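Residue numbers (my numbering), protein chains in the order written: chain A, 7 to 343; chain B, 7 to 343; chain C, 7 to 343; chain D, 7 to 343.
Simulated from the structure, these hints should not be mistaken for laboratory data.
In this text the structure is predicted, and so the values were computed from the model without any measurement.
Heads up, some of the hints might be wrong.
For identical chains, the list gives no copy identity; a pair is met inside one copy or between any two copies.
[To be verified] The list that follows gives simulated cross-link-like pairs (lysine to any residue, SDA-like), each with its CA atoms no further than 25 Å apart:
1. K196 <-> G214
2. K196 <-> R43
3. K196 <-> Y211
4. K196 <-> H85
Number of protein chains: 4
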Amino acid sequence: MQPVRVAILGGSGYTALELIKILLRHPGAAIVAITSRQQEHIAELHPSLHHRLDLRCQPFDPDALQAQGVEVVFGCLPHGASMECIPPLLERGLRVIDLSADYRLRDVSVYEQWYHEKHRDPQNLAHAVYGLPEIYGAAIERARLVANPGCYPQTAILGLAPLLAHHRIEPAGIIIDSKSGVSGGGRTPKLNFHFPECNESVCAYGIGHHRHTPEIEQALSDIAGTPVNVLFTPHLIPMDRGILSTIYATPTGPIQEAELRELYRHYFARQPFIRIRNQPPATKDTAFTNFLDIYVQPVRGKILVIAAEDNLVRGASGVAVQNFNRLLGFDERTGLV
Amino acid sequence: MQPVRVAILGGSGYTALELIKILLRHPGAAIVAITSRQQEHIAELHPSLHHRLDLRCQPFDPDALQAQGVEVVFGCLPHGASMECIPPLLERGLRVIDLSADYRLRDVSVYEQWYHEKHRDPQNLAHAVYGLPEIYGAAIERARLVANPGCYPQTAILGLAPLLAHHRIEPAGIIIDSKSGVSGGGRTPKLNFHFPECNESVCAYGIGHHRHTPEIEQALSDIAGTPVNVLFTPHLIPMDRGILSTIYATPTGPIQEAELRELYRHYFARQPFIRIRNQPPATKDTAFTNFLDIYVQPVRGKILVIAAEDNLVRGASGVAVQNFNRLLGFDERTGLV
Amino acid sequence: MQPVRVAILGGSGYTALELIKILLRHPGAAIVAITSRQQEHIAELHPSLHHRLDLRCQPFDPDALQAQGVEVVFGCLPHGASMECIPPLLERGLRVIDLSADYRLRDVSVYEQWYHEKHRDPQNLAHAVYGLPEIYGAAIERARLVANPGCYPQTAILGLAPLLAHHRIEPAGIIIDSKSGVSGGGRTPKLNFHFPECNESVCAYGIGHHRHTPEIEQALSDIAGTPVNVLFTPHLIPMDRGILSTIYATPTGPIQEAELRELYRHYFARQPFIRIRNQPPATKDTAFTNFLDIYVQPVRGKILVIAAEDNLVRGASGVAVQNFNRLLGFDERTGLV
Amino acid sequence: MQPVRVAILGGSGYTALELIKILLRHPGAAIVAITSRQQEHIAELHPSLHHRLDLRCQPFDPDALQAQGVEVVFGCLPHGASMECIPPLLERGLRVIDLSADYRLRDVSVYEQWYHEKHRDPQNLAHAVYGLPEIYGAAIERARLVANPGCYPQTAILGLAPLLAHHRIEPAGIIIDSKSGVSGGGRTPKLNFHFPECNESVCAYGIGHHRHTPEIEQALSDIAGTPVNVLFTPHLIPMDRGILSTIYATPTGPIQEAELRELYRHYFARQPFIRIRNQPPATKDTAFTNFLDIYVQPVRGKILVIAAEDNLVRGASGVAVQNFNRLLGFDERTGLV
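Make the full structure from the sequences, and use the hints.
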């Protein structure tokens with residue numbers, strides 16, 4: 007069987023690099039095009055790709071991509087730019103996995119409230135599928151446009167799903183205290199990501215207004231069948247990659263640790279990338295993998311959940327390939343183990 | 007005026023090193039003795055002290071310390087060892103600032119429950135003063151034995167004090183999510199502090215049973231005048247030093263951000279080392295200083311407090327010198343700015 | 007075709023972990039046994055292996071390994087221990103790739119001089135092949151015992167091979183200034199690898215007596231056909247992995263940059279894992295890969311060579327699999343790209 | 007006695023921040039003005055200065071500085087900008103300690119060759135004194151304009167001074183392999199200082215054309231009384247601060263380790279900030295201090311020197327204050343221990 011011909015939009019950032027590395031190991035995918043404003047050889051942008059991928063970046067041109075026989079496009083553009091480029095691709099019958107936030111929030115007004123800009127493609131938003139395979143797996147398989155989930159939201163949504171699905175916690179007052187490596191901030195140099203600023207330091211940011219909040223609430227409300235509210239506090243940690251979310255929720259009734267863990271094991275029984283741990287995971291346990299590790303414990307009247315992932319693999323490019331596998335009918339693990 | 011003659015017990019660890027560096031700049035203190043099982047020159051134990059302190063470590067001997075004219079002793083021993091060494095010093099009339107946990111918990115049974123060992127000096131425990139100057143300042147001035155506070159507890163106690171003193175938050179359901187640099191774990195090599203294990207990684211530890219919990223609750227209950235319960239989750243962060251505590255509490259009634267911040271500014275108006283910040287602090291803002299920075303914001307039905315400090319200075323040796331200054335009648339800031 | 011049944015001796019360290027991760031992706035190898043003094047499940051020793059390898063460590067027993075059908079054994083034991091365990095395996099007809107230093111130095115007296123202990127298996131040493139595929143490729147294919155090369159030596163040997171093979175530099179006065187991440191020091195907690203000691207710091211160690219010196223000189227002398235002497239200075243860098251060697255040599259005559267680079271490209275033309283770079287490589291360009299990147303430039307009367315690698319992959323477990331591939335007749339790149 | 011009124015030009019960078027912190031502890035200096043294009047409160051630019059310095063940055067205006075009674079100006083501007091601002095200050099009789107490179111190279115043509123720009127103030131260059139106190143101490147005391155030395159050059163110059171002064175090494179073929187923390191690159195965000203690029207990585211840069219080369223050679227030639235040539239290779243290390251230079255030189259004749267070390271001890275006998283170490287220093291031993299630690303050892307036909315310093319204190323702002331102390335007649339150590 008011929009490998010599926012794929013293209014990547016926006017090749018200069020970290021999610022594109024991670025995606026390339028994963029796809030190079032994927033027996034069913036061939037990278038035939040990468041777009042970038044910088045039309046350099048991909049190994050000039052990412053020196054680690056020397057001798058691994060011999061491709062020069064090309065300007066974005068939907069006709070050219072179609073002519074190159076591209077079947078699936080991965081979007082690694084910033085939000086805002088994504089909704090400019092994706093409509094012409096869908097029109098030409100290409101399928102798209104978009105790693106930006108443009109198609110994640112079903113409600114246009116919520117998007118506009120949190121992203122402070124007009125949504126310019128409500129038509130495709132209407133049929134986009136939120137690409138969290140463990141929750142929306144069946145819909146992903148039939149999708150033309152997959153809105154790949156955010157890095158933080160996956161830890162929060164998967165960390166809380168079993169509890170909310172089984173009504174074991176109150177849907178209000180949930181606290182999500184997240185810690186992320188710096189690569190989550192992207193590859194554009196900024197003072198707060200300048201090495202001597204963020205090394206040897208920890209700080210919180212985006213308190214009360216981080217854009218992943220409505221994304222978390224949308225999925226959790228789906229799962230709970232009732233509106234869910236969260237207080238989400240992200241922190242910047244001096245490491246390259248990894249997200250650890252420490253989550254605090256109020257149980258609806260008494261529950262034991264063993265029962266809790268069993269609830270989680272059962273809920274995720276068929277999910278190859280979810281590991282229910284007996285000890286609190288370190289982000290390093292998941293580094294460079296598509297695993298998302300979850301630990302749960304009742305403590306002092308609360309239920310505490312810890313979820314760990316690699317923000318670039320599981321949190322972005324790995325789950326994108328997991329979605330690709332579902333979309334194309336590959337085994338979900340292809341290229342990811 | 008002659009400088010006060012001081013001794014340090016347990017010279018090989020990080021708090022001792024930090025204490026030495028601070029005291030070398032203190033015009034009113036002279037380090038005349040350092041004890042250690044390793045009877046080496048202090049600069050052999052801590053190479054950064056070459057040409058700065060010419061002193062060989064000596065075995066612990068209370069008579070020798072008395073004969074050397076020592077007036078104040080800083081204890082940098084592990085808990086358990088402290089309560090063995092401190093009684094003979096107090097008997098000989100020396101004053102002691104103990105950086106271990108042995109004299110922090112007033113209730114012997116609480117100590118024994120959390121530290122899993124018998125308290126062997128209840129007599130001195132009875133008159134020990136908890137050395138958090140911003141809260142117990144007057145008592146410290148008259149103390150013979152100061153129990154220097156833990157690193158995490160200071161961020162939690164000072165971060166919540168204004169709210170609890172003014173009954174602006176519920177005394178239950180308080181969540182303290184803390185992030186600490188690795189030096190907080192001490193200088194003894196262990197796998198979880200081995201560089202390739204904890205670098206590039208974040209994890210929680212001691213969930214529900216970290217020994218700083220009762221210390222936090224004791225002080226907060228004093229301040230509130232009613233029992234306070236907290237859920238405290240410490241995390242290990244890949245950096246040398248710094249603690250950031252993100253604290254979530256439930257307000258007793260509506261309160262605005264400006265009012266909150268004013269409440270804090272007023273509460274700490276006379277405290278030279280507390281800075282009420284308008285932006286969330288980074289631990290680096292406090293690195294190598296005795297400042298404790300606090301940020302407070304109402305968010306999504308909760309009050310969120312962030313408190314940052316240097317765990318070795320403010321969290322241990324700096325506050326010990328602040329206590330020393332109060333004990334001896336120096337300006338509180340001496341040697342610390 | 008059935009995958010080759012392999013065993014790993016000494017499963018608790020970093021090279022074993024890295025080897026396991028590589029072999030799990032290798033279509034021609036099946037890990038059937040891992041030995042360790044700690045007879046725990048491998049995922050207890052290495053939490054990242056949960057759901058990836060379901061194997062309990064077993065005590066070392068050559069008969070058991072033979073009975074399990076093991077064909078190739080990877081030794082991840084410390085030097086000294088290796089030469090105890092390997093003879094009985096070879097006797098039973100198993101082939102061995104030993105990652106320790108025990109079989110690297112052909113001359114027993116050199117081993118004993120640098121390792122300060124008696125060599126207890128000179129018989130097998132006599133037929134062991136030094137496992138640097140780019141230099142000793144043909145011999146590796148016929149070997150029963152491969153002495154996998156050290157991490158530093160590979161950067162030095164491959165970095166200098168083209169120059170010495172073509173007599174373009176003097177064989178004396180070569181300076182190798184190497185910088186290594188901390189994982190190179192192993193997984194046993196020690197003060198100099200304790201996070202707060204080695205983080206935010208750089209230092210040299212083993213000056214003039216590091217044991218990789220004779221290993222470098224042995225291979226370089228083979229290549230040059232004349233004795234080569236080097237001054238090798240390793241440094242510890244605050245990062246998990248990566249080695250960068252900056253090498254200074256004296257040219258035997260004038261040579262231009264372009265000619266130099268062409269010499270390197272030609273010398274390594276058939277080597278899939280050597281990349282001759284036009285810019286000085288960063289260790290990160292090679293992280294988690296088996297590539298060794300080389301840069302060469304004439305500068306101020308010297309020839310400067312920079313060689314970068316991942317010390318755990320290329321420097322240890324990756325090259326071990328490369329050797330395995332040669333030994334078993336697989337494509338050299340299998341499992342490594 | 008009134009403290010000396012000082013101003014700082016260019017308050018937004020790391021050397022200015024470090025200088026402010028040192029001067030705040032200096033009993034003989036009062037910071038009365040800080041200039042910056044960003045006319046914000048200094049604590050807005052550097053949050054660590056909250057409650058420590060209450061000063062708003064002002065635009066550069068030599069008349070205003072004079073009117074404010076400023077006596078000494080520290081220049082923390084980039085090279086090029088310095089030589090624009092300094093002439094009008096000298097004209098008004100202010101003394102200047104310039105931390106840029108503009109006045110370090112006596113020979114205008116050398117400056118223009120290495121900095122690729124015209125020198126626009128040769129007149130003041132003619133009387134500027136190179137501010138390395140251990141070498142040019144007497145001249146500094148009489149200077150009107152001190153050219154504060156570069157960070158790397160200090161390790162190289164002081165590391166080699168005793169050997170060259172006593173003709174114990176050849177003046178040619180000297181190799182200086184230096185490793186620096188990232189703060190040495192300044193505070194302007196750039197891709198190569200972006201956390202996820204330089205963390206977990208080491209690389210060389212500026213090979214053969216780093217601008218500190220002629221500065222090193224100028225001072226070493228002064229000391230040797232003959233032209234000295236060096237090959238200087240800087241490397242970027244994932245840490246905030248610290249420089250370690252590993253230096254290789256060829257001895258002019260046989261010399262023993264003890265004699266070497268004695269030579270160094272004697273040469274620097276009166277220098278309070280030079281520590282001759284018996285063990286290779288780690289940069290951390292010197293962190294946040296003005297000490298420069300030197301280790302020397304004969305090895306394999308070469309003399310190896312290791313010199314370690316904090317690049318922001320000893321390498322820039324600390325030595326600037328040391329120069330200030332000499333200029334003003336204070337004890338050299340004032341504010342620095």
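My question is about K196 and H85: at a cut-off of 25 Å on alpha-carbon distance, are they close within one copy, between copies, both, or neither? both (18 Å within a copy, 23 Å between copies)
When Cα atoms must be at most 25 Å apart, do K196 and R43 count as within-copy, between-copy, both, or neither? both (20 Å within a copy, 19 Å between copies)
Can you tell me if K196 and Y211 fall within 25 Å by alpha carbon in one copy, between copies, both or neither? Both. Shortest intra-copy (14 Å) and inter-copy (22 Å) distances satisfy the 25 Å Cα cut-off.
At most 25 Å between alpha carbons: which applies to K196 and G214, within, between, both or neither? within (22 Å within a copy, 29 Å between copies)
In the structure shown, no violation is registered for any of the earlier numbered hints.
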